[in-house]
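Peer 1: Taken in order, these protein sequences are the chains called A and B.
If you use the numbering used here, the first sequence corresponds to residues 1 to 491, in order.
If you use the numbering used here, the second sequence corresponds to residues 1001 to 1090, in order.
Treat the hints as calculated values from the structure; they're not laboratory data.
Check each hint, because a few of them may be wrong.
Some chain B residues judged to face chain A by a derived CB distance under 8 Å, without partners named [claimed, not checked]:
#1 Glu1043
#2 Phe1076
#3 Asp1079
In the DSS-like style, the derived pairs of lysine-lysine whose C-alpha atoms are separated by at most 25 Å in a straight line are [claimed, not checked]:
#4 Lys116/A / Lys418/A
#5 Lys1074/B / Lys265/A
#6 Lys1074/B / Lys418/A
#7 Lys307/A / Lys116/A
Computed footprint of chain A on chain B, listed as stretches where at least three residues anywhere in the stretch have a Cβ under 8 Å from a Cβ of chain A [as the list claims (entries may be wrong)]:
#8 1005-1014
#9 1057-1070
Beta carbons are placed, not taken as given, at the ideal position from N, Cα and C, and that holds for glycine.
In case you want the letters, here they are:
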Amino acid sequence: MNYSVLIPMLVFLIIIFFIGYWSSRKLASSSNFISDYFLGGRELGGFVLAMTMVATYGSASSFLGGPGTAYTMGFGWVLLAMTQVVTGYFVLMILGKKYAIMARRYNAVTMIDFLKARYNSTVVVLLSALSIIIFLFSAMAAQWIGGARLIESLTGLSYQSALFLFAVSVLVYVTIGGFRAVALTDAVQGAVMLVGTLVLLIAVIISGGGVSNIMQDLINENPNLVTPYGAEGNLSAAYVSSFWILVGVGVVGLPQIAVRAMSYKNARSMHRALIIGTVVTGFIMLNMHLIGVFARPILPGIEVGDKVIPLIALETLPPWVAGIVLAAPMAAIMSTVDSLLLLVSSSIVKDVYLNYVKPDASLKTIKRMSFGVTGVLGTIVFLLALDPPDLLIFLNLFAFGGLEAAFIWPIVLGLYWKWGNKYGAVASMATGIISYIALHFYNIENGNLFGVHTVTVPVLLSLVAFIAFSLLINRQAYDYNAILYRNEKQA
Amino acid sequence: MKETDWRFRIAHREAWIGLGLALFNFVWWFAFAYGLGSRPVEEYTYILGLPDWFFYSCIVGFLVMVVLVTVIVKFFFVDVPFDEEQEEHR
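Isolated chain B (complex conformation) (with noise of 0.2 Å):
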């Protein structure tokens, strides 16, 4: 009975996915950011109208993030019940 929960381990690896993904997306936020566009403004390339580093940083940085949580959700992401087996459902 002194074992772990097993469903905290599942609940830790999680956790620690969710900070990965979050200083993935703060590096890929600040690398175009800063990257691209620390550049003189005239030697700026524009997509779709917006200045490029904003558009990799920003537009195309939110749709990775996007695509990322969706496919690490469905694939890493375990279903486990929140309730104690021995509690009686509320």
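Looking at chain A on its own, in the form it has when it is part of the complex (with noise of 0.2 Å):
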């Protein structure tokens, strides 16, 4: 076993365990549960809301198959990367004062409740929680996997030990300490993630021998590794393009990172929030996939994509250091999961008990719910991730793009177009995950409809069923200030 690589990890896990305890500390101090576990108590600053956001975006994707496929494609598949930057300021400015205005004014801790209130439907609200607990489940059984491979793969333990570690760590902090833990650890993660990318930028180049010989190199290979065209000269500008709806403008549409936009304490934390995420997001989504690009002539040959990251790594920097710079795909995926976690656990208790099933649970009820929800979501997720089963596998595929294609509009238009209603949003969400099925079975035999990802259509579509069952059924324009007024009333 590889001690040196694996005592840095063990040190940052704990790190991570403190943070979990100390947040937990503080819930069994506040007055407001619900809010406080599901929602941090809508006081997150903007460091950590920009690195919550990073932490949470940034996924096994871009820190394992981002650069893995940088690595086979060259410099295309960084610029499609660099469509990611535009999440850094983008959500926070769209969703912005608006949201966290209207999130305030209907007590709102998930993003279904702002859904709930906004277009008072019971469908609206069961047909999201099921996308949410489907697909997101779904999406975060693959992160574990994903996460207990990376371990496997530094430490030489067996997959199922690998897991096993990885499981009990989230699970521990996720089970006591609730949003502000995951938050406060994402910060940590976050920032991990930058020092790591950047380190390991750097020993890649001085590797190398300068980014010009690294180039030359490149060069000499396939001249195709440069251009942005891609190793075959396959990747196309539509396809490419299409990436800014998938990992672009499209993540508004994402609940993980929505409800986010729902927890900073004021204006203030969310302009310092909208720099930072965009030097960040910029910053790590560069390095990480230059250095898959820049591998390449060093480590030549490599057959899996997701290891290319873990293996230069171990190439070019000392182990302890090595063990260091690995932590930040391993906080990457945990953050994500975590996030992931909580979010499921938010939509069983909050959205589906407390509305449907027992409206008057008592605080102490709710609380045995989400822990209990909690532990329970992640063991069987645990238990699928041993030996995933192919539903799984097919399902994540379906994750992040379905649910853009779903809650997009929903989300931006019941934010802004007054005349958006809940024969509109249903529209839309069926329209946006069923045409995101089909054509993506579409795609696979004939290959991508007009050139470009499988995101596309399906948000133009339900775009398009959003804004005509809007106004074709029950027409009437919303009053954003009606919850205001009934408020006052009562008082």
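Combine the two chains into a complex, taking the hints into account.
Peer 2: Given below as structure tokens:
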């Protein structure tokens, strides 16, 4: 076993545990358990907010899969990855102040709370809760598998033991600490990612003999590697541009990101997060994917993309530094997993149980439910990840694109378009998910429709559905201040 | 009491700014990447060792966005309270 790599990673896990424990003490003294457990009491500052968004968003794919593809594809894939810079500012600017104000007005703790209050419809709530539970549960399981594989390849532990180690660490602090623990550990994990990628990039450039040298090696091997069109010349401008929707602006529709846009303390935190988020997202994405490309001349012939980053780190860095640097992808995976876990459990406890099963549940019951559901979910994911069934992998394919197509318009137009109503929202969600799944199969058979990523057309169709159904059925302007009058009357 | 919340005007304007920034970001990214990048590889020049299209599209483009976002947030974004005035602080 490789102890010099393992020890820095264990130290990292222990620090994360400590943060979880510390937040749980804060949680114990809290007066509003639900808002605190699932939302950190709406008091995140700018730095933590930016980091938790970046860390939640940056998953196994940005740290293992993405750089692995850049290794095969060359600069075209780095170009594609840089479409993600936009998420750093776009999500917070678009949802922005209106979302923060409305979320407080509705007393919303989850994205579904917001949709429930805005559309006043059981169908909308159940449909959203169902999509979140199914799709994000699968996405989460896929991340666990990634995390366990990473530990396995670093430490030489068996897959089962690696998965167990990973599962226990995630479960302990999510179950105990809730959203604040997740957001705080995200901040630490984000910082680890930031420094880790920079150290590794520098090490790779030095061991490749400088950037010009690496570039010459790439051109000698295959000149296409330094073009925007990919190693085989098959990355079209339309295809790469369509990633602006999948990993750029469409991210607004992801529930795990949207919930963060209602968790900040005040406008000043939001302003700071906008700037920090843009810098950090761009910096991490640029570094990681450049590392992937630069690794090619240094370690040619790596077959499995996910192994590029671990292997190049072990090759170019002293073992203990590699341990710290590889804590970065570990951090990315853990921080995505913990947010998803919390989100799925909040959908079950808050959106379904409290709304429809037992609205008058006592605080003690809610507490026990929250811990219990989070724990049980984690255990189920663990068992599934031991031997992942095909269905899980299948559902995971739809997790991001499908959720974006489903939620983007009900959230964005729900905020800004007064004519939006529940018929539009339901039609939009159904159209988004169904057309996404249908197009997915079409694209596998026939190649990408219009040469763009699967997500593009469903996002457009769900926009049309939202507008058409809102205007055609029961057209009525929504009054954003209505709930305020009601509160005033009661007062 | 029927007039629009004053904070919404600010919120709406800032959302439009976000959309504008994203469009600008896209045009910059696309124009340099495919404008410069579609030449034959032999004609590429290299800046700091990186191909010129990539340098302008991704590195300069990223820095431009950071500066733009910083300037716009500092000078055009308004600090507004999120809680309702008559509401007590939780």
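Peer 1: Where does the structure disagree with the numbered hints, that is, which hint numbers, in rising order?
Peer 2: 1, 2, 6 and 7
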